[in-house]
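Number of protein chains: 8
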Amino acid sequence: MARVAIIMGSDSDLPIMSSAAEFLDDLSISYHMTVVSAHRTPERMFEFAQSAKKSKYEVIIAGAGGAAHLPGMVASLTTLPVIGVPIKSSNSIDGWDSILSILQMPNGIPVATVALNGAKNAGILAARILGSHDKEISKKLTRYQRKMKKTVLLKAKKVEDTKKG
Amino acid sequence: MARVAIIMGSDSDLPIMSSAAEFLDDLSISYHMTVVSAHRTPERMFEFAQSAKKSKYEVIIAGAGGAAHLPGMVASLTTLPVIGVPIKSSNSIDGWDSILSILQMPNGIPVATVALNGAKNAGILAARILGSHDKEISKKLTRYQRKMKKTVLLKAKKVEDTKKG
Amino acid sequence: MARVAIIMGSDSDLPIMSSAAEFLDDLSISYHMTVVSAHRTPERMFEFAQSAKKSKYEVIIAGAGGAAHLPGMVASLTTLPVIGVPIKSSNSIDGWDSILSILQMPNGIPVATVALNGAKNAGILAARILGSHDKEISKKLTRYQRKMKKTVLLKAKKVEDTKKG
Amino acid sequence: MARVAIIMGSDSDLPIMSSAAEFLDDLSISYHMTVVSAHRTPERMFEFAQSAKKSKYEVIIAGAGGAAHLPGMVASLTTLPVIGVPIKSSNSIDGWDSILSILQMPNGIPVATVALNGAKNAGILAARILGSHDKEISKKLTRYQRKMKKTVLLKAKKVEDTKKG
Amino acid sequence: MARVAIIMGSDSDLPIMSSAAEFLDDLSISYHMTVVSAHRTPERMFEFAQSAKKSKYEVIIAGAGGAAHLPGMVASLTTLPVIGVPIKSSNSIDGWDSILSILQMPNGIPVATVALNGAKNAGILAARILGSHDKEISKKLTRYQRKMKKTVLLKAKKVEDTKKG
Amino acid sequence: MARVAIIMGSDSDLPIMSSAAEFLDDLSISYHMTVVSAHRTPERMFEFAQSAKKSKYEVIIAGAGGAAHLPGMVASLTTLPVIGVPIKSSNSIDGWDSILSILQMPNGIPVATVALNGAKNAGILAARILGSHDKEISKKLTRYQRKMKKTVLLKAKKVEDTKKG
Amino acid sequence: MARVAIIMGSDSDLPIMSSAAEFLDDLSISYHMTVVSAHRTPERMFEFAQSAKKSKYEVIIAGAGGAAHLPGMVASLTTLPVIGVPIKSSNSIDGWDSILSILQMPNGIPVATVALNGAKNAGILAARILGSHDKEISKKLTRYQRKMKKTVLLKAKKVEDTKKG
Amino acid sequence: MARVAIIMGSDSDLPIMSSAAEFLDDLSISYHMTVVSAHRTPERMFEFAQSAKKSKYEVIIAGAGGAAHLPGMVASLTTLPVIGVPIKSSNSIDGWDSILSILQMPNGIPVATVALNGAKNAGILAARILGSHDKEISKKLTRYQRKMKKTVLLKAKKVEDTKKG
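Protein chains in written order, with our numbering: chain E, 1 to 165; chain D, 1 to 165; chain V, 1 to 165; chain H, 1 to 165; chain U, 1 to 165; chain P, 1 to 165; chain B, 1 to 165; chain L, 1 to 165.
Accuracy of the hints is not assured; some may be wrong.
So the derived label-pair ranges between C-beta atoms look like this [to be verified]:
hint: 1; chain 1: E; residue 1: M1; chain 2: B; residue 2: R146; range: 53 to 61 Å
hint: 2; chain 1: P; residue 1: S90; chain 2: E; residue 2: S51; range: 49 to 57 Å
hint: 3; chain 1: H; residue 1: D26; chain 2: U; residue 2: D161; range: 23 to 31 Å
hint: 4; chain 1: L; residue 1: S51; chain 2: B; residue 2: K147; range: 35 to 43 Å
hint: 5; chain 1: L; residue 1: R143; chain 2: U; residue 2: S28; range: 50 to 58 Å
hint: 6; chain 1: B; residue 1: T142; chain 2: H; residue 2: R143; range: 47 to 55 Å
FYI, nobody ran anything at the bench for these hints, they're computed from the structure.
Here the structure is a predicted model, which is why all the values come from computation and not from measurement.
Yeah, the Cβ is synthetic: ideal placement off N, Cα and C, and Gly gets one too.
Produce the complete structure using the sequences and hints provided.
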């Protein structure tokens with residue numbers, strides 16, 4: 001049984017969206033990943049979203065490009081937290097279209113939007129949501145944050161060694 | 001029985017969307033106008049769109065603001081031509097959000113997008129679509145275009161009379 | 001005799017615009033495709049647009065880049081429905097110029113605008129317009145939509161098989 | 001003890017941010033609301049964020065305008081889920097500055113961004129996050145969504161009665 | 001006989017466009033001002049542009065808002081220099097639509113674009129064009145430039161007197 | 001003695017700006033082309049602009065990228081018509097910076113702005129300005145316009161032959 | 001003798017620019033404030049900038065709107081640090097024009113750009129520059145920063161008292 | 001002991017930021033360059049900024065991409081002048097995100113923003129700030145400006161020799 005659902009509008013979004021899966025893998029958080037197109041499979045989207053709670057998902061991550069309706073439509077059909085990942089697809093207008101059609105949801109139906117192509121951050125945000133009441137995950141997130149710091153310190157050292165004024 | 005359906009995401013869109021109705025009234029084209037919210041009444045939207053053909057509509061006009069998913073979602077659930085009207089609602093980002101989330105539909109599901117707040121043009125476009133095989137409407141459109149010309153000529157006269165170099 | 005006219009501002013638009021033709025081919029809808037430049041051959045554009053009805057076209061698809069005046073000017077010279085395809089040409093400003101100069105038509109003269117480089121959707125929209133009173137085409141569109149669904153389901157399967165949380 | 005913290009960069013953000021508080025009030029979810037400025041009180045921000053978990057907050061809502069660093073900086077100092085509300089302050093460039101400086105967080109530190117001035121949706125998103133493991137809140141959210149539907153249906157009725165084609 | 005033609009897409013553009021006329025009046029340059037709509041009176045636009053040279057105009061100033069096709073279409077039908085004035089009309093998207101549809105002309109057909117609502121500068125540019133071979137006008141322009149300097153110096157004095165550090 | 005001056009902010013603009021020179025060459029219009037940097041050689045720019053009339057130039061073409069001050073500053077130091085060419089240099093923000101800093105001149109000092117990288121059109125516009133009182137050039141421009149038409153007709157033929165619906 | 005020069009392109013910029021003066025007044029830093037227009041008084045601008053060092057100015061603050069060339073041109077004529085204030089004037093395109101024409105200076109000639117209408121911050125930045133080697137000013141800045149903190153804390157208290165979850 | 005600190009949010013910013021170091025090297029101005037991430041090492045950023053004055057830095061240069069909080073946060077923790085370099089990182093939205101999140105600082109906390117990727121100009125601006133009270137550096141800057149002029153003149157010569165009208 002998966003705690004997180006990762007859906008995307010098209011399989012061409014997989015190279016971006018798989019970063020969310022990888023992060024959840026790293027934290028041993030179970031997920032289910034599939035393709036659900038708001039425009040090409042609207043009925044499938046309906047069924048997925050309406051049964052999401054029964055499927056025991058706790059968080060949904062939805063990525064889409066262009067006129068990206070998937071995250072918002074799913075959010076309108078469930079009360080689970082939905083994380084939206086705007087994707088800069090080909091023929092997208094520099095990503096503005098997917099950002100705005102995910103972010104600018106009307107009052108009543110929020111989507112937790114992350115950065116353009118920010119699927120990794122979607123994975124981390126899902127973990128933070130689970131971690132807000134799951135101490136194990138919370139600890140792992142603290143460890144992850146500490147690791148990031150160390151990596152930066154190593155890089156800082158490298159830069160300092162290379163260049164000296 | 002109405003030939004055109006005019007739907008909008010919120011009753012606050014009515015002051016804009018009624019221009020479409022007025023134009024159809026002028027050309028004696030029957031229409032049905034109501035509120036269908038993609039995000040607050042997704043099931044209603046599904047039913048509306050899936051039964052649109054059976055309801056004998058020939059064209060659908062859908063107006064929405066912000067992350068405007070209504071026109072695109074309706075288009076994904078019917079094969080009728082769907083005209084999208086981006087609306088500059090309060091808290092919209094200058095209308096860019098509604099324009100891009102209506103216009104930038106993926107391959108397979110087109111929405112015939114008109115100008116920001118361009119509900120009147122949506123009405124005219126609906127008439128043009130009907131007029132492509134309905135001679136009566138086609139003639140009325142020709143008359144309408146002639147009338148526009150006359151109005152411009154009168155205004156041109158007025159400007160010429162006012163200012164002389 | 002062609003039911004749809006596909007025109008473009010320059011032969012450099014052909015790689016994009018041919019997607020419209022291909023879709024119409026797939027649905028066995030007749031079309032005539034040529035180059036009509038609003039700025040380099042204004043008289044030709046006038047003649048084309050003014051005789052479009054007599055030529056028995058039912059829908060016009062017009063693609064153009066940059067300051068894209070072709071769709072709007074043609075729309076002002078006929079009462080047929082005109083579908084505009086904004087094209088991201090070289091030296092275009094990310095496509096914004098062609099989008100805005102096609103979309104933002106004044107009241108009275110609508111252009112049915114599709115996504116940037118969205119020629120395929122222009123073809124589908126033309127078919128939807130014809131299909132609104134032509135049952136044969138309507139059926140083909142339903143079949144096309146069903147096929148899209150199947151393709152997505154296959155891809156969904158593939159993604160699900162690849163990645164397991 | 002409050003489950004949600006609502007912070008804002010300036011007291012001038014209160015008219016917007018209070019919508020988040022009102023929604024939480026409606027659902028009887030406890031919260032603490034105060035002003036924390038990333039730029040004018042950086043130490044206060046540090047202390048707030050670093051002690052947020054100990055303070056037993058489960059979600060943080062942070063609103064800010066212009067170069068809005070508050071949500072992202074708080075997110076970097078905790079592992080709790082942080083919801084960012086971009087605010088269109090005076091001298092803001094149409095809200096683009098606050099949207100982009102909240103949304104475009106680098107990999108590692110996500111902020112759950114909602115629409116421009118979307119404080120109400122921030123409140124709802126906080127409730128959804130709590131509701132993902134709190135059945136009481138989950139039920140309330142379902143009731144809220146049902147209420148929204150009813151309101152739309154009433155408005156739809158009104159619009160249908162007013163205008164008849 | 002007028003040396004400059006001032007045309008505009010709609011009489012609602014007159015409050016802006018009259019600044020061009022006023023400047024030409026100040027320099028005693030003759031002009032003819034009228035309304036020519038590219039979209040509502042395309043034939044009139046054709047006739048105007050094709051006969052502009054025979055009408056002995058030396059420069060054409062054309063103002064338009066939204067999808068502003070007038071300056072570019074006129075330029076395609078004459079070899080006279082055409083000055084385009086983008087106008088920020090209601091429902092315009094902050095003026096971007098008119099700027100881009102006037103400025104971004106394809107190779108072969110230039111439009112001399114001035115600032116948004118910059119009709120006065122269009123008048124001055126027309127005078128500069130005439131002045132490039134008409135010494136009388138050239139002298140007047142030099143005098144005008146000197147007058148501007150004096151005005152600035154007076155204002156500088158005022159500001160210096162008001163505020164002292 | 002040259003009738004047109006072509007200046008550019010940097011020699012890296014030459015590949016773009018040389019299109020202006022080529023067009024003038026084609027029409028046998030004399031020009032002088034050089035580098036004048038507003039920011040790196042401000043005194044040189046002053047001298048150039050202030051002596052432009054005495055140098056018998058009739059039109060000035062100025063190209064620049066980024067914060068492009070050259071066209072506007074030259075226009076402030078002469079009464080000759082100045083044509084500005086916005087150039088999309090590296091590190092430019094998609095050309096918006098050069099477009100806006102050339103186009104948005106304050107009242108009193110116009111710059112005749114052409115499209116992004118539109119140096120060829122700058123050459124044609126210069127020829128149109130000269131042609132407004134020089135019949136020889138006017139005739140050449142008419143011939144050029146006729147040639148463009150023929151080229152389009154040939155291409156139209158080609159497209160028609162390739163694709164048949 | 002003034003340590004800071006505050007110049008602006010037009011006296012209409014005074015309501016914005018006076019905030020810079022007020023801050024310098026508060027810190028008892030001497031300044032000279034006047035109008036210098038790059039486009040209407042280019043010679044005055046040259047003289048001002050070339051003699052700025054001799055005038056013993058240590059920092060220059062320059063505010064301008066639209067195609068804002070003043071800060072960049074002054075920076076090209078001196079080696080003093082120049083602070084640019086983009087001003088959102090009427091007919092400006094939401095301030096984008098002044099921001100980009102001040103910010104996007106080419107390599108070699110920097111302008112220290114502050115926020116749109118950010119004249120107060122320009123004053124503070126000037127003080128920071130002086131304070132980097134003037135201990136008295138440095139102390140005053142520390143005091144100013146402390147005062148800001150206190151103001152925020154008071155406001156935080158107020159917000160906390162008003163709203164309780 | 002270094003007079004200038006050059007910090008960057010990530011070591012991937014080094015290829016851009018090293019231009020600042022190179023310019024300071026050319027002028028023999030001492031600097032310290034390292035990586036400080038606002039989001040990954042917030043404590044390190046705090047310590048760096050709060051001890052910057054004691055470390056005897058006179059100017060800080062901070063470069064960052066995306067939601068670039070580093071320059072503004074450092075500016076809030078010191079009274080030294082802080083120069084911000086917006087960096088166009090991968091997944092940045094054409095650099096708009098970093099520009100706006102550095103530039104649009106609220107009143108009280110200025111950041112001296114330079115052009116996108118404008119690290120060289122950041123180095124020059126730092127030198128100008130030091131040069132405002134350090135005659136040696138001031139002289140070097142004058143020499144640098146003279147050298148730039150010469151380079152332009154040489155290039156002008158080259159362009160003039162190549163092309164003759």
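Range hint 23 to 31 Å (beta carbons of D26/H and D161/U) holds or violated: The hint (23 to 31 Å, Cβ to Cβ) is violated, given that D26/H and D161/U are roughly 58 Å apart.
Between M1/E and R146/B, does the beta-carbon spacing fit 53 to 61 Å? Holds, at about 55 Å.
Given the range 50 to 58 Å, decide if the beta-carbon distance of R143/L to S28/U lies inside it. The hinted range 50 to 58 Å holds for R143/L and S28/U, with Cβ atoms some 52 Å apart.
Kindly confirm whether 47 to 55 Å is satisfied by the beta carbon distance between T142/B and R143/H. For T142/B and R143/H the Cβ distance comes to about 54 Å; the hint holds.
Lying within 35 to 43 Å: is that true of the beta-carbon distance S51/L to K147/B? violated, 22 Å
With 49 to 57 Å as the target window, see if S90/P and S51/E comply at their CB atoms. Check passed, 51 Å falls within 49 to 57 Å.
Violated hints, in rising order: 3 and 4; the structure is consistent with all others.
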